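Based on the provided sequences and hints, a complete structural model is requested.
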Amino acid sequence: MPLVSTSDLAVHYGADIIFSRVDLDINERARIGIVGPNGGGKTSLLRVLVGQQDASEGRVARNRGIQIGYVPQHPQMEIPGTLREEVLRTFGGVMAVERELEAASRQSNGDSEEAGRRYAALLDRYEALGGYTYQSDVERMVDGLGLRAETLDSPAALASGGERTRAALAKALLGHPDLLVLDEPTNYLDLKGVTWLERYLTHFAPAVVVVSHDRYFLDEMATQIWEIDHGRMNVFPGNFSKYRVIKGERDLRQAKEYEAQQEFIAKEQAFIDRYRAGQRSREAKGRETRLGRLERIDRPDVDRSISMSSAAASRTGQLVLSTHDLKVGYIEGDEATQLLTVPDLKLSRGSRTAVIGDNGTGKTTFIKTVLGDAPALDGSVVLGQSVKVGYYSQGLDALVDEQTVLESFLEIKNMPFEQARFYLARFLFQGDDVFREVGDCSGGEKSRLALARLLITEPNLLILDEPTTHFDIPSREALEQVLLSYPGTILLVSHDRHLVSLLAESLLVMADGKVTVFAGTFEEWSDAQRETEAVAASARLEEREKPARRPQAAKSTGPKHRNPAAPVIDMEQVIVDLEDRLKNIETQLQEATVSQDFKEMTRLGEEHTQTQSELEQRLEEWEA
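Quick note on my numbering: the sequence shown kicks off at 559 and runs consecutively.
Hints listed in this document are in silico derivations from the structure and should not be mistaken for laboratory results.
This one's a predicted model, so the numbers in the text were calculated from it and none came from an experiment.
Among the hints, erroneous ones may be present.
Okay, derived cross-link-like pairs now, PhoX-like style, lysine-lysine, Cα gap no bigger than 20 Å in a straight line [as the list claims (entries may be wrong)]:
| id | residue 1 | residue 2 |
| --- | --- | --- |
| 1 | Lys885 | Lys1072 |
| 2 | Lys926 | Lys1072 |
| 3 | Lys926 | Lys904 |
| 4 | Lys946 | Lys926 |
| 5 | Lys946 | Lys971 |
| 6 | Lys885 | Lys904 |
| 7 | Lys904 | Lys1072 |
| 8 | Lys885 | Lys926 |
| 9 | Lys825 | Lys814 |
| 10 | Lys750 | Lys1072 |
| 11 | Lys843 | Lys825 |
The following label-pair restraints were derived from C-beta to C-beta distances [to be verified]:
| id | residue 1 | residue 2 | range |
| --- | --- | --- | --- |
| 12 | Leu716 | Glu995 | 53 to 61 Å |
| 13 | Asp916 | Gly891 | 25 to 33 Å |
| 14 | His882 | Ser694 | 53 to 61 Å |
| 15 | Ala894 | Arg706 | 16 to 24 Å |
No residue lacks a Cβ here, since even glycine has one placed at the ideal position from N, Cα and C.
Here it is as structure tokens:
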């Protein structure tokens, strides 16, 4: 039985039909990615599925008792406390039992048998709810999503939109819902966070429905794609890449069928018009009747996306940008904090370099130092001859909300009114759109405006900080084509792995306070990272499986039969050691429980779970 199903679902806003006639099933273990243009109804569909918005027509059926974890694109957190307190709300039941245990400990009488039974029952309940491990679960989750401790412990009211989104995502995942519904979850994650989320959703989440413009992410986790296309829902098997192939073949077939039908209709109509009143009028009338009953093939829809030619760029010298003994950081008062040590860099004409690294490593500070907007702590940055920089800011700080789109554009380059409107139309600002105030524009519209302002200046060095944020997939693909044909030099900061894979010829990798130059593509770097991780994992496994010393007196929990094909490891001693370790942990856990050391109880609980799992695995290997 599906977790959620819909029948004849539709959403209207006034006379505008967002989507209609949607019949869907979300089954257990579903991995569904939803795609479509901005404003096409993806978020509305999610809200209807989770019950936060009523459908205009149709029905939504949810399994009785189903738990849904929903993370909107911009979570609202109107709480007085910290982000950590918000995340811990997931464990309200566990924490309530924890408080009961503390109260019972204070009130208990050592001679009271009833108090002892109550305390033991509370302990059993605490363990069943995951009391010993929930703190460590939280730490692993927030670490994977890139939330630092100082961020978690700061007031939620002061947190950025990205920090709130990551906290809401951690809260939803920790709740272990039957169905996860996520709206653009990768927008505020770095490479490490996105990779971690992919693995989690692929291997641990029971069912997932995700709206995303991240094609790499959809390729990794999705097994089905839902496309909202001009008010209709189309379902495709496989990941995003397979969807594009199937869609391309379908659209081509539909276009051919449409053209063939139009040619047939034209011929039939010509016959009808010619013989309507002649000797063959009866035949003409029959053809007219059949033509009227003909099921018409819809005209193929043409995507409304950015359509622009490559930006012009004047020629520079061979050396476009260089650094020498550069140290990057920031200064507060009289105190300087260094973030990065940069090797001597040389960017040559026409090169395409991507800057990658976790959030907080100093990528944006590095870019600002290169631009001269932030002082270098040491060393120098030198621009080459005739270099004209075009900078695309992640924060879109240069846009003024009170200006119209047209005023904002003409501020950069004065030109005749109609010429400006023609240029902006190539960025989807059509008709009266140019007279809207910037503050009333969506994030995607502001990004397109910023890009139009940038490219009209014809820079020969493009410095781009997360240029695809807020862009839908057609707009991302259009931007990619522009950048691929751009004749100048590109320095790109991005978590968009598809863009980096397509564009970058070399990487600047920022980690552990330094910049490392990788002279290769993103795919080559990823392969190298996986190889390094595999070698490290193999070394850890080898270390763990080193033969242990033989026992003086072998213990056993029962008869065990040795597999002659098993590795030459003293497996019996390994098992004995694990059993001894487990008993020791249990003893320590009892002591921590008596002393009410909840931090130690949590640590020991997690260690007990891991040791028990390892023991069971070894017993299976031994008895195989």
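Comparing the hints with the structure gives:
1. A hinted pair counts as satisfied when its Cα atoms are at most 20 Å apart, and lysine 885 with lysine 1072 qualifies at roughly 9 Å.
2. Using a Cα cut-off of 20 Å, the hinted pair lysine 926 and lysine 1072 holds, with the two alpha carbons roughly 16 Å apart.
3. A distance of roughly 17 Å separates the Cα atoms of lysine 926 and lysine 904; the hinted pair therefore holds under the 20 Å criterion.
4. For the hint pairing lysine 946 with lysine 926, the CA-to-CA distance comes to about 16 Å; that is within 20 Å, so the pair holds.
5. Annotation: proposed proximity of lysine 946 to lysine 971 holds, straight-line Cα distance about 15 Å (limit 20 Å).
6. Of the pairs offered as hints, the one joining lysine 885 and lysine 904 holds, with about 16 Å between alpha carbons and a cut-off of 20 Å not exceeded.
7. With a C-alpha separation of about 17 Å, the suggested pairing of lysine 904 with lysine 1072 holds against the 20 Å cut-off.
8. Proximity of lysine 885 to lysine 926 is assessed by CA-CA distance (about 13 Å); at most 20 Å being required, the pair is judged to hold.
9. Proposed proximity of lysine 825 and lysine 814 is supported: the alpha carbons are some 17 Å apart, at most 20 Å.
10. Distance restraint check for lysine 750 and lysine 1072: the Cα-Cα separation of roughly 17 Å lies within the 20 Å cut-off, and the hinted pair is therefore satisfied.
11. With a CA separation close to 14 Å, the supplied pair lysine 843 and lysine 825 stays within the 20 Å bound.
12. A beta carbon spacing of about 28 Å between leucine 716 and glutamate 995 contradicts the range 53 to 61 Å that was offered as a hint.
13. For the pair aspartate 916 and glycine 891, the supplied restraint of 25 to 33 Å holds, since their beta-carbon distance comes to about 27 Å.
14. Between histidine 882 and serine 694 the CB atoms are about 46 Å apart, so this pair departs from the stated range of 53 to 61 Å.
15. Taking the beta carbon of each, alanine 894 and arginine 706 are about 21 Å apart, inside 16 to 24 Å as hinted.
In the structure shown, a violation is registered for the earlier hints numbered 12, 14, in ascending order.
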